[in-house]
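Listed here are the chains, written in short residue letters.
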Amino acid sequence: MTEDRVERDLAARFQRLRDEDDSHAPLFRTLYDAAHRKDSLPRRRFFMLIAAAATIPVVVAVVVLRRPAGPARFLPEADANAIAAWTSPTESLLDTPGSELYGEAPAIAEPIPEWIFDSNAPSSTTPPLSTPAPKGVSS
Amino acid sequence: MTPGEIEAELETHHRAGFAWSLACCGRDREEAEDVLQASYLKILDGRAEFAGRSSFKTFLFGVIRKTASEARRRRLVREWFGAHSVRTPRAATENASEDRLALLGALAKLPRRQREVLELVFYIGLTVEEAAETLGVSPGTARIHYDRGKRRMASLLGISKHD
Chain A
1 MTEDRVERDL AARFQRLRDE DDSHAPLFRT LYDAAHRKDS LPRRRFFMLI AAAATIPVVV
61 AVVVLRRPAG PARFLPEADA NAIAAWTSPT ESLLDTPGSE LYGEAPAIAE PIPEWIFDSN
121 APSSTTPPLS TPAPKGVSS
Chain B
140 MTPGEIEAEL ETHHRAGFAW SLACCGRDRE EAEDVLQASY LKILDGRAEF AGRSSFKTFL
200 FGVIRKTASE ARRRRLVREW FGAHSVRTPR AATENASEDR LALLGALAKL PRRQREVLEL
260 VFYIGLTVEE AAETLGVSPG TARIHYDRGK RRMASLLGIS KHD
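Those sequence lines, one after another, are chains A and B. According to our numbering, the first sequence holds residues 1 to 139 in order. According to our numbering, the second sequence holds residues 140 to 302 in order.
If you are wondering where the hints come from, they were derived from the structure by calculation, not from laboratory data. No experiment lies behind these values; they were computed from the predicted model shown. One thing to keep in mind: the hints can contain errors.
Unchecked claim - Just some of the chain A residues that point at chain B, by a computed CB distance under 7 Å:
{"#": "1", "residue": "Leu17"}
{"#": "2", "residue": "Asp21"}
{"#": "3", "residue": "Pro26"}
{"#": "4", "residue": "Ala35"}
Unchecked claim - In the PhoX-like style, the derived pairs of lysine-lysine whose C-alpha atoms are separated by at most 25 Å in a straight line are:
{"#": "5", "chain 1": "B", "residue 1": "Lys205", "chain 2": "B", "residue 2": "Lys181"}
{"#": "6", "chain 1": "B", "residue 1": "Lys289", "chain 2": "B", "residue 2": "Lys248"}
{"#": "7", "chain 1": "B", "residue 1": "Lys196", "chain 2": "B", "residue 2": "Lys181"}
{"#": "8", "chain 1": "B", "residue 1": "Lys196", "chain 2": "A", "residue 2": "Lys38"}
{"#": "9", "chain 1": "B", "residue 1": "Lys205", "chain 2": "B", "residue 2": "Lys248"}
{"#": "10", "chain 1": "B", "residue 1": "Lys205", "chain 2": "A", "residue 2": "Lys38"}
{"#": "11", "chain 1": "B", "residue 1": "Lys289", "chain 2": "A", "residue 2": "Lys38"}
All residues carry an ideal CB built from backbone N, CA and C; glycine is no exception.
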């Protein structure tokens with residue numbers, strides 16, 4: 001049982017080491033109570049941090065909503081009307097010739113000729129378009 | 140588990156917990172106390188919750204191991220950024236016996252997993268299966284680390300297999 005011999009020897013050496021170390025072991029109560037005290041501290045800090053973080057947006061919202069309306073926020077009516085009536089000095093440049101055509105529908109001449117509604121009328125009755133021939137072209 | 144039951148369990152395993160914390164912190168007593176306290180704190184405030192899948196003992200040792208690992212990582216980050224207040228961990232080597240120094244020296248030469256399994260088995264007194272639970276590895280893997288570590292320790296410490 002050679003392995004047993006090695007194990008016995010190692011066990012004896014480790015046991016001596018353990019006995020020496022055990023003599024320096026701190027008391028359980030000392031470590032446990034210190035851990036208990038630390039246990040409550042970070043939790044309190046954590047909740048205080050959360051509370052502080054939650055307070056910031058509330059304070060900002062209150063400050064923004066309750067800010068008193070300053071005199072410059074609303075214009076007097078006279079000033080508002082003056083601004084609305086103001087025209088640019090170069091506005092006349094925007095008036096182009098014939099621009100009034102864009103503002104009204106074209107009128108159809110009256111009376112309307114009968115042949116327009118006559119679907120049986122020969123095409124020859126349609127008055128020819130009198131388009132002048134271009135210069136230099138003989139018909 | 141009620142807070143009273145948790146407290147009773149922690150008290151039962153306090154000495155072994157401190158010993159394991161020492162092992163995880165390179166035998167620095169001050170750091171081991173901090174780690175053990177931080178582990179208790181994690182269990183008390185629910186960051187580490189005992190689900191009953193293992194024994195409370197292996198659960199506690201798992202929490203201690205993880206907490207020590209986090210503390211080590213934080214210290215490395217602080218050292219990396221050149222913080223002046225970083226305390227270099229000190230193993231309690233003053234007035235240490237030759238026997239102790241030889242054992243710690245041999246342990247330091249083992250890969251981490253082998254060292255952890257041997258310390259859990261020989262130093263803390265767990266079975267290899269419990270050590271596997273604590274480390275979150277399969278019993279077969281823990282058994283392999285145990286055998287290799289044991290052989291290496293025997294070689295480093297000059298333990299003869301023959302009487």
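Here's how the hints hold up against the structure:
1. Leu17: holds, 6 Å
2. Asp21: holds, 6 Å
3. Pro26: holds, 6 Å
4. Ala35: holds, 4 Å
5. B:Lys205 / B:Lys181: holds, 11 Å
6. B:Lys289 / B:Lys248: Measuring from Cα to Cα gives roughly 12 Å; hence the hint holds.
7. B:Lys196 / B:Lys181: holds, 15 Å
8. B:Lys196 / A:Lys38: Answer holds: B:Lys196 to A:Lys38 is near 23 Å, not above 25 Å.
9. B:Lys205 / B:Lys248: Roughly 22 Å separates the two Cα atoms, so the pair holds.
10. B:Lys205 / A:Lys38: holds, 19 Å
11. B:Lys289 / A:Lys38: violated, 40 Å
Comparing the model with each earlier hint shows a violation of hint 11 alone; every other hint is respected.
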